[in-house]
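**Student:** The primary structure of each chain is shown beneath.
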Amino acid sequence: MIKTVKAKTKKIKSPLGKKLNKNHNQTMSGAEMVIEALVEQGVDTIFGYPGGAVLPIYDAIFQQDKIKHVLCRHEQGAAHAAEGYARSTGKIGVILVTSGPGATNVVTGLTDALLDSIPLVCITGQVPTFLIGNDAFQEADTTGITRPCTKHNYLVKDVNTLANVLHEAFHVSGSGRPGPVVIDLPKDVQFAEGKYISKAKAKTHMYNPKTTPDMAAIKKAVALISKAKKPIFYTGGGVINAGPKASKDLTAFVKKTGFPITSTLMGLGAFPAHEKQWMGMLGMHGTYEANMAMHGCDVMICIGARFDDRVTGDITRFSPNSKKIHIDIDASSINKIIHVDLPIIGDAGEAIAAMYKEWNAQKYKADEAALKKWWKQIKDWRGVNCLAYEKDDKIIKPQYALERLNHFLQKDAKKNKRDSFITTEVGQHQMWAAQFLPFNKPNRWMTSGGLGTMGYGLPAAIGTQMGNPDGLVIDVAGEASILMNIQEMSTAIQYNLPVKIFILNNQWMGMVRQWQELLHGERYSSSYTESLPDFVKLAEAYGGIGLRADTPDELDDVIEQMLETDKVTIVDVRVAQNENCFPMIPSGKAHNEMILAADAEQFDKKLV
Amino acid sequence: MIVKDKKENQSVYGDGPGDRDIQRHTLSVLVDNEPGVLARVIGLFSGRGYNIESLTVAEVSKKLNQSRMTIVAIGTPSVIQQIKHQLERLVPVHKVNDLTEEGPHVERELALVKVVGTGEKRVEAIRSADIFRARVIDSTTSSFIFEVTGSTQKVDAFIELMVPLGMVNISRTGAAAISRGSDKI
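In the order they appear, the protein sequences are chains A and B.
Remember, this note's numbering sits 49 above the position in the first sequence when you count from 1.
Remember, this note's numbering sits 11 above the position in the second sequence when you count from 1.
Okay, chain B solo, but in the shape it has when bound (with noise of 0.2 Å):
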């Protein structure tokens, strides 16, 4: 048997540059709306070992046959300039907007959240929806569907109030985005 050093082992290549200054940026993204474009956006995350906290893409123009995705991705300042160049080399991307970069901007997500209980936890969740301003949009005599809308740590907030009420269930659509102001972006 081959008795190793220790030190034998370690990589040559020493540590990365480590995870200091971890930023929480939101992109807004317009891309052609053709097919293949979302693998090409999350495969340059995978394949780069970026991270998406969320992605959320819909149509935004049936004439011009565009989508905006809007995605909220976490580094370091360097990793989030990268993610930004590498996203406009994409050849169906138009513009890549880093909305935390460039000035105030409103932040959405909207949550579904189904409950389930009878007696007092019924009610008290009735009652916490209300001062979340979720609205009920199914019920059952022993369930209920809240929709709630706002900004992430809104919505985390109303789900840890429900998890004790009898939450079962939970679908986030993930943030969508837009810059304040009378500015086009």
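Okay, chain A solo, but in the shape it has when bound (with noise of 0.2 Å):
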């Protein structure tokens, strides 16, 4: 073993550290600002990677203790981190990264973050002033770049503006329909003296997005939802979003009202698996009973969810029989795809307690006959067992890996008293946790679902571990998408992060294999991943533990052992190769054309 020599670094005490919180209208410099202004928002953590733009602002870092920064290996692992920490906390994720090449590394994230909504503020050196338009050093227009990926960004060029476009930066990504926000500081502000403002007296900008929603909206809704007789509530990432509360009351609510429940991918863990009204996900990859539910449901409650077109399959055949209510933060969102009937802007929470109330308040009952009748015709669709796979005693199936690590982490949450938190990657094995792995609360499922970003599971699972740090943290991933952040390998032994890293490895890029073997005649253009490394080899060069399950066998000993593990732990599981990921709905289909696994071999006859 390689014994690691710790630099000597020693914590200079500075005038910084006293001058921190005790007054806050003083003189300061721009990258002092920074820190103050991180502090008094409640940030103790921060994601991100040195370079020459922002040396000042690490300069202050050095010189106080209030806030950690975790150096990731790579900016776009930073960016993750950070999602991966402000949607296991539901706190604000925060990235620090230099100009020109980190600018541009983090936009992956910054999407990422935009599309599933999640909370960033991430700040980004910039050439000086006087050089900004020069094609200086290191220099890239980074507002540019990034305004179609953020929610917001601002390029600060005054010091004395700085400490209000902070305040006012965190109240834009945190209100509203989150989003990320990046903050680009050129190396001159962040030298210069300014007067700093308290969070308490920034003018945070006229930004105010409605929350509360019409109440004679929701009147009219929870009416609806009473007369129904084939409801079905399809609920997502907003709810999540909106607190845990809000999934305290949803879970309140449907459970009065008796109705089934699906749930996008983003929205997983707001309603308890374990409950019998539980449906499972729905969408290209969700359970037949849910898919199905939507396209005969008379009543869809969608809420904190939009439409997106891996839900909705073909809109012109979408659930063609509904009345639709719409609850969404975002004005934006409604009747961008399917048309409505009873849209209500507000924040899912306020709306889910709204509705609830008001569901008590006029003493309504749920149909209970026609109720009936819907429950024996889902009783039917479930017995379909969509889900159901062909079992192997030699080779290993990716759902029988997840079925037995599904199983520990039950043993484990009972043992050892912890929360299990899930990342994933993306592709066949993200499908198949969704699937597979139940989630009982919120925040415990971070994936990256609307721009569906490969090496996302890693990094993310390292921001999670960071932000909890007794929770169970596991990255269920694939062998082509570890391999695009693997680097942060490094990250979570230098912050002794025992994150566990569970490959499905069936070498090939299973989802890009699937649809060629579906779609495209079978011609596996560039799927199959060639070379890979050894991955027990390679967790040990980074000074992690390597595992490894050939068959099936074998996996249950290596769970158990991955679980018991202190340090990153990387466990290569040799799943079949050539399984597919059923159901699927192909694109342009509608919801009630699933093909399941036992269709799959008339299927590509009829399509190709």
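To be clear, the hints were calculated from the coordinates, so they are not data collected in a lab.
Note that beta-carbon positions come from the ideal geometry of N, C-alpha and C, so glycine has one too.
Careful: at least some of the hints might be erroneous.
[What the hints assert, rightly or not] To give an idea of the interface, some chain A residues facing chain B are shown, with a C-beta separation under 7 Å as derived from the structure:
id, residue
1, Arg196
2, Pro197
3, Val221
4, Tyr256
Mind assembling these two chains? They're in different frames, but the hints should get you there.
**Tutor:** Dropping the structure here:
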């Protein structure tokens, strides 16, 4: 084993440490303002990577101990780590990177956060103001590049406006529909002295999105819900973003009505998966019962979801006979894709609470007889057993690996009294994880939904573990995705983060292979991952632990070992190479045109 | 060589929603007069594939540091609604009014038209300009520059008239619009 020599760094107590928080209206440098504002905003952890144009801020970080900086190994990793941190804690994730390549590397993470509505504040260094526009070293038009992939961005040219911009950025990022905000900060502004403005005195613009729903609409909605004969709740990430209380209220309301509930990939965990009313995820790889119920319902209650194309399938044949209620904080989500009958603009949490209150106040009762019939129908759909797969005693099926993982997670939760957090990369393994792992609490499931970013899972797991030091954090990965941000292994080692990486290794970009098999005449163009590394040795090379399971009888032992490790651990699970993820709604098909595992053989003949 | 079935090459997504019922709407957008705000609005239109017919912008309040943009956009009613909501989402945007939707409004555009010619054509040009109440703001022995103000249709008509009379150059501002009556928007 290589002995690591710790660099000798001495914490120098500087005047900054004393200055902080004492008097908010004093002069300080731009770099110090950044720290001061972050502290005031309640930030204790930031993720980043230093470089020339942010050195003054890094210098300020060095001279204080209120904010912990996590050094990631790539700016994209820093962004996803901040996302994982934000999603698992409900706080705003903060990123600090340098100009030029630092800023461009962070763009994928920002876009990911924009599509999944994750609150982030990203501070990018910039060349000094007098060099902007001169093609200076490591200069990029950061505000120009990030304009379409952020909720808002700023270029600060005057140090006296900096404190206000910092506070406004947090306000914009976290309020309304959350999203990423970039502050581009030229180096000379970081050095310049200016007057700090405290959070309390900052003018946070006139950005005040509406969060309280219209009560008349709520009343109408609840009346409509009470008359439903074949209702369904369809909830999304908006419920998670509205905070844990929203999930609690949703659970209470749904249980009170006795209606079935499904959720998008982003919304898993808002309603406990162990409840009988839970139908599983909907959409392209959702369960048969959830999709059929969406197609056949008469009242759809959509809360904090946005009718994404991966959810709706063919929009002209989407749930043709239902009245649709759509609750969303973002007015532009309403009627964007699907025309709805009753739009309600507001915070999901406030709307759910108001609906629940109204339901109780009016003493509404669901139509028991109709509901009984509806549940009988759903029971038939459930009987299809859409997630069934062929078991094999020689080769590990990926679904089987996840079932075993789930089994040991349940055991671990009881034994070690700890919560488990699952992150994923993107592809088949992600869909299987969504299908086979049950989520009973919000903020326990971190996955790249809207953007579908391969390489998301490991850094997100690192951020999650930073925010939840006692939690059990597992990145369910594929062997192709994990290589996209494998360098973050070092980060996990440096900060002693015992993240587990559970690779379902089928040696293919599985989802690409699946589409090529089903939709492109089995022409497997560039989807086989040749020259894969030995993941066990790779883990060891980074200073972590590597485990491998080749056959089903090795699996349990390996999972148990993994759960006991105190260091970052890669588990290389060699799974069946040609397994496809079903059910599947092919693009352009309707909810009732799912293909199940059994239909797959006929399917390619029909379409290709 | 792999021979492909024709059907195979078609997108599995099928056709888009189509472009029936295209309307023209005039939006009045009050924004903070800050760097990048125009780029935000234009980026929104190009990024989401909306169509702009014209866009004008200038500062309207020095004290509040605000500008007003008048955007003439074309699209189906649902696209127009999306444009309005997407604009409202931008942080420096204070208010979006769909003037076409909200009631009667007036719209004016200004154009500068350079016409080159002598003799009969020159006389005809100035006569037609008079009918359209276009002012001459520059002249040489062989050219005029006319300034014409009016609705987009009027400006279009004037330009059409000037083409055979030796028009060589036009510069148009795009529409500025405001609602009628005493209501403040």
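**Student:** Evaluate each hint against the coordinates.
**Tutor:** Against the structure, the hints come out as follows:
1. Arg196: holds, 6 Å
2. Pro197: holds, 5 Å
3. Val221: Nearest chain B Cβ about 6 Å off; hint holds.
4. Tyr256: holds, 5 Å
Violation of the numbered hints given earlier is absent; every hint is satisfied by the structure.
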